[in-house]
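2 protein chains.
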Amino acid sequence: MITVKALVLEKGKVLLKETPIPIVSPGELLIRVIYGGICSTDLEMVKGYVPFSGIMGHEFVGVVEKDPEGKLEGKRVVGEINISCGDCSVCRRGLKTHCPERKVPGIKNRNGVFAEYVTLPRENIFPVPEEVPDKDAVFTEPLAAGLEILEQVHIPPSSSVGILGDGKLGLLVAMVLAEAGIETIMLGNHPEKMKILKPLGIQGLIAKDFQGKMDFLVDCTGNPKGLEFALKIINPRGTIVLKTTVAEQTNLDVGVLVREEIRLIGSRCGPFGPALRLLQKGRLPVEKMIDKVFPLSRGIEAIEFAGKRGVKKVLVEMER
Amino acid sequence: MITVKALVLEKGKVLLKETPIPIVSPGELLIRVIYGGICSTDLEMVKGYVPFSGIMGHEFVGVVEKDPEGKLEGKRVVGEINISCGDCSVCRRGLKTHCPERKVPGIKNRNGVFAEYVTLPRENIFPVPEEVPDKDAVFTEPLAAGLEILEQVHIPPSSSVGILGDGKLGLLVAMVLAEAGIETIMLGNHPEKMKILKPLGIQGLIAKDFQGKMDFLVDCTGNPKGLEFALKIINPRGTIVLKTTVAEQTNLDVGVLVREEIRLIGSRCGPFGPALRLLQKGRLPVEKMIDKVFPLSRGIEAIEFAGKRGVKKVLVEMER
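Sequences listed follow chains A and B, in order.
Start counting the first sequence at 1; every next residue gets the next number (my numbering).
Start counting the second sequence at 1; every next residue gets the next number (my numbering).
Here chain A stands alone, though its shape is the one from the complex:
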């Protein structure tokens, strides 16, 4: 049996293991992974917030090793992470990312990408444009999640717009909005992180020092206190987009929502095509977000390092 190295989560423990090379089901492609990106969701799963066992990881760039139709072999690709059934009432209404039967590599009922090889359905595969470096391409998935905001709501040019939280997703959301021509203020805690956004003309402010009010806020804090703070600085008829799942229940004053006619909008996965086109423009300083690249053989260390306070993006390189 051919085996491949993989970073596996088992009973809350991260292990480096030899696993069987994945079997390519009909309609799927075999991909040799180049880089994987560690996301906050991966870290939450290690903490046990999301129950999962198997190969970790969902952000990656790779090269198609085997395509039964031959078309994509040798091409660099990224992959949309929601593997939907295509057949239920939700899928038939076009809401494939919300399929109740969906599988998600490294998150739900499907092996992930922190391995030498991974398989994915053809419809989840997006070729990466030539101009996009490997390390940039790893950011396609979280950038798409940022673009989802623009799929869901219209932000008029006269709006005051703030991003709460200067973590990985916050920085990427700020980039997405700036590239959409939306003037954005980042309300964070780490001047050194917010500095990355300077070339895009995004002002960074320390959140607790902010005095004004905003029409539009994106909560990327990953903390129940983020919504609480957002409700304090949102204008009447304002919109708060919730970008991060919070494990805890939040005590919410629903009365404020009604009196001030606030909109709360939950936002999750987004479109890969526009994300790749954004990266193709070459203006996003995503590589500046990478703190360290670990080889897969040091994957356990990579996960530990990614969980440290203040660390931004950590990549895992599937060297052979």
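A couple of the hints might just be wrong.
It does not matter which identical chain is meant; a pair holds if it fits inside one copy or across any two.
[Said to hold, decoys possible] For lysine-lysine, the following DSS-like pairs were computed, each having C-alpha atoms within a straight-line distance of at most 25 Å:
1. 232 x 108
2. 213 x 96
3. 108 x 213
4. 103 x 232
5. 96 x 232
6. 213 x 103
7. 292 x 17
8. 193 x 292
9. 47 x 225
10. 213 x 232
Derived from the structure by calculation, the hints contain no laboratory data.
The hints should help you fit chain B onto chain A, whose structure is shown.
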């Protein structure tokens, strides 16, 4: 001193009192009130949920007694309840109903309409079309609140739409949506109330027996459990409009909002013009919602009666 009878809330007690006839400030009109309508907010204030002292009531129809410009004297009118400063940054952005300095008759820093006479700024006054009976006109304000939903969101014809709560506001919201051509199901608890909606083709179901899922829900339950239930029966990417302020804090699983990309939209006061045009069509069975009309002299009893379980609309008639 000329005095007029009024229903006054003082330290949580409802009193029938002789009060000075209101002074007409510049830019205001004096209105002789015909009918006042008792709203759930009035009852909440008696319970002390909203702090207020003074003449109660905000829903009314009356006749202009004195208009310094003469134009409206003798005309039947209703009145928009948000009396904004017109000068702050919120007002200047056109969000007058959200003016932080706003006064609201019978609710906030301004005497209400359960009195023989009331004054209101000219800009708050709307003449009532001839075809609209007095008792129908009292429903202008809550109907406008229902129309606010259509100001805020677009409901595509293919959506499944449900109203939660067959109280006064729930019934009116159902009427508004039906007249906008939106197929609506009422999820309530009282078949005898929901029956009122039959002529409009609105199906009434007992909420707890409902098995399906909805794309669009309007929570008119006035109860924190309403939102909890809504989150159970909302489709992915669905919209929940919150129509009633709830005094209690609600424990909300924000994670569900994000994972399912749910929109929560708070909704309060709405446009009077469209509400009057709706009434003018004469198709809304609003009079069927009136349980009883009390003379002002029995106003205390009227408030008590309106608070009884299952009672719909109660009017107060300002007989002289």
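The hints, checked one at a time:
In the homo-oligomer, the alpha carbons of residue 232 and residue 108 lie at most 25 Å apart only across protomers (21 Å), although the nearest pairing inside one protomer, at 35 Å, exceeds that limit. In this assembly of identical chains, the alpha carbons of residue 213 and residue 96 lie at most 25 Å apart only when taken from different copies (17 Å versus 36 Å within one copy). Taking the shortest Cα distances, residue 108 and residue 213 sit within 25 Å of each other only across copies (24 Å), while inside one copy they are farther apart (39 Å). Taking CA atoms no more than 25 Å apart as the test, residue 103 paired with residue 232 passes between copies only; the shortest distance there is 22 Å, against 37 Å inside one copy.
In the homo-oligomer, the alpha carbons of residue 96 and residue 232 lie at most 25 Å apart only across protomers (20 Å), although the nearest pairing inside one protomer, at 35 Å, exceeds that limit. With identical chains, the CA atoms of residue 213 and residue 103 are at most 25 Å apart between copies only, with a shortest distance of 22 Å across copies and 40 Å within one. In this homomeric assembly, residue 292 and residue 17 come within 25 Å of each other (Cα to Cα) only inside a single copy, at 22 Å, whereas the closest approach across copies is 76 Å. With identical chains, the CA atoms of residue 193 and residue 292 are at most 25 Å apart within one copy only, with a shortest distance of 15 Å there and 65 Å across copies.
Only within a single protomer do residue 47 and residue 225 lie at most 25 Å apart by alpha-carbon distance; the minimum there is 20 Å, versus 31 Å between protomers. For a Cα distance limit of 25 Å, the shortest separation of residue 213 from residue 232 inside one copy, 8 Å, qualifies, whereas the shortest one across copies, 33 Å, does not.
Comparing the model with each earlier hint shows no violations; every hint is respected.
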